[in-house]
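**Q** What follows is the residue order along each chain.
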Amino acid sequence: MSVRLVAIALGGLFGFAISWGQFTDPDRIREMLLLEDAYLT
Amino acid sequence: MKRVSDLLVTRPPAFVLGAVLGLIVVAVLATLNQRLGVLGGYSAVVERLSGRAPSFGWRASFLLGVFGGSLLFSALAGGSTVGAGYGWLTRTFTGDWQVLVVGVLLLLGGVLIGYGAKAAGGCTSGNGICGTALGSPASFAATATFMATAIAVTFAIDSLIT
Chain A
-1 MSVRLVAIAL
9 GGLFGFAISW
19 GQFTDPDRIR
29 EMLLLEDAYL
39 T
Chain B
1216 MKRVSDLLVT
1226 RPPAFVLGAV
1236 LGLIVVAVLA
1246 TLNQRLGVLG
1256 GYSAVVERLS
1266 GRAPSFGWRA
1276 SFLLGVFGGS
1286 LLFSALAGGS
1296 TVGAGYGWLT
1306 RTFTGDWQVL
1316 VVGVLLLLGG
1326 VLIGYGAKAA
1336 GGCTSGNGIC
1346 GTALGSPASF
1356 AATATFMATA
1366 IAVTFAIDSL
1376 IT
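Protein chains in written order, with our numbering: chain A, -1 to 39; chain B, 1216 to 1377.
There could be a bad hint or two in this list.
[Claimed, not checked] Interface residues of chain B toward chain A, partial, derived using beta-carbon atoms under 8 Å:
(1) Pro1227
(2) Ala1229
(3) Leu1232
(4) Ile1239
(5) Leu1279
Honestly, the hints are just simulated from the structure, not real lab data.
None of the values given here were measured: they were computed from a predicted structure.
All residues carry an ideal CB built from backbone N, CA and C; glycine is no exception.
Full structure from sequences and hints, please.
**A** Written out as structure tokens, the structure reads:
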């Protein structure tokens, strides 16, 4: 398997994981930085 | 039986997602012999488009995968799980100038993040997830610095707007 395909597959898994964890949500990140949401910290 | 979209609107337990992210770090190291990082993907694209690199390299492919994985998540979840707008920014700055003010703040924030990540040799993923997992003292220092700064600034902003 080529390096490119492996990188796309692992990047895809990473993107899916951070989306599922809602790490892409500005409000979630703000709650984390205000120490109100321990999920990300 | 739960539908896939019902499953995806709820975050998995932190120890599950943390383990998945950790395994991706290990997989990148084992298969590509490289350190995981997202900023490197943006750099690779810019360097290729500006003629400073002969090819996009694996980092650009990884970045493409990140976009693809996020899109796949949205498709399976039946839409984005993130609300419209940009969180507290679009709730705080309303009115005719909202687009301009929020746009300028996001642009400034992006420039600062980009500059800081390049200066620190990696972004939150590169230092916070991968570098610390590999025991890099520089990554521990960078992660402690950006987390402490971000927490302090967020508390300062919060005291101003609430």
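**Q** Each hint should be assessed against the structure and marked as holding or not.
**A** The hints, checked one at a time:
no.: 1; hint: Pro1227; in the structure: holds (6 Å)
no.: 2; hint: Ala1229; in the structure: holds (5 Å)
no.: 3; hint: Leu1232; in the structure: holds (5 Å)
no.: 4; hint: Ile1239; in the structure: holds (5 Å)
no.: 5; hint: Leu1279; in the structure: holds (6 Å)
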